[in-house]
Each structure stands twice: as structure tokens, then as C-alpha cells.
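Build the full structure now, drawing on both the sequences and the hints.
Each residue of the sequence shown is one higher than the one before, counting from 41 in the numbering used here.
Just so you know, not all the hints are guaranteed correct.
Simulated crosslink set (SDA-like; lysine to any residue; CA at most 20 Å straight-line) [unchecked claim]: (1) Lys54 with Glu115; (2) Lys54 with Gln64; (3) Lys54 with Ala104.
Keep in mind that the hints were calculated from the coordinates and are not lab data.
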Amino acid sequence: MDWSLETMAERSAKRTASSMEDIQEFYDGILAHMEDVLNHLEQYRPADAPPETLRLFRLTQSLAEVSLAVEGFGEPTVSYGYDVARMEPGPE
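Here you go:
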């Protein structure tokens with residue numbers, strides 16, 4: 041799963057390196073299933089979740105990462121905003 045990434049830094053890098061077409065395709069694909077995904081995820085604590093559930097959890101994190109690109113600024117990065125490369129990763 042291309043968008044199932046462990047860290048915020050990886051998700052941010054994936055977003056900024058992707059085309060809007062790829063971002064939109066992922067966004068539309070996962071959003072169509074979010075009710076089922078969230079119903080599944082609420083059955084587990086992250087520490088106890090099986091690997092396939094953790095992949096779903098990471099996909100929801102990637103949805104959050106790309107949602108502003110789709111819903112807000114219409115591009116993979118905010119060309120008029122803060123350079124995310126300057127951000128230092130903290131605890132996940």
C-alpha cells in the first residue's frame with residue numbers, strides 16, 4: 041500500500057512528491073470506505089492491532105495528510121506557506 045506510511049515525515053514527503061492526480065485518486069478511494077474503516081479501527085487499540093489493521097490506521101493518517109491538499113489549497117504543497125522541510129520531526 042503506497043500510502044500506508046509509519047511516520048508523519050514519510051506521509052508529508054509522499055504528499056509533496058505526488059501529483060494532484062495521485063493524491064486525488066487516493067483521497068477519493070479511501071474516503072469512499074471511511075465509515076467501514078473507522079468501524080473496523082474502533083475495535084482495536086493501536087498497540088494491540090494486527091498488521092492489516094495498522095495499515096488501515098496509517099491510511100487514515102495519510103488521508104488526513106492529503107485532505108488539505110485536496111480540500112484547501114489544490115496542490116501537493118502550500119506554495120505560499122511555511123516550508124515543511126524546515127519542520128523537525130517530534131514523537132509520533
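Here is what the structure says about each hint:
no., hint, result
1, Lys54 with Glu115, "13 Å, holds"
2, Lys54 with Gln64, "13 Å, holds"
3, Lys54 with Ala104, "13 Å, holds"
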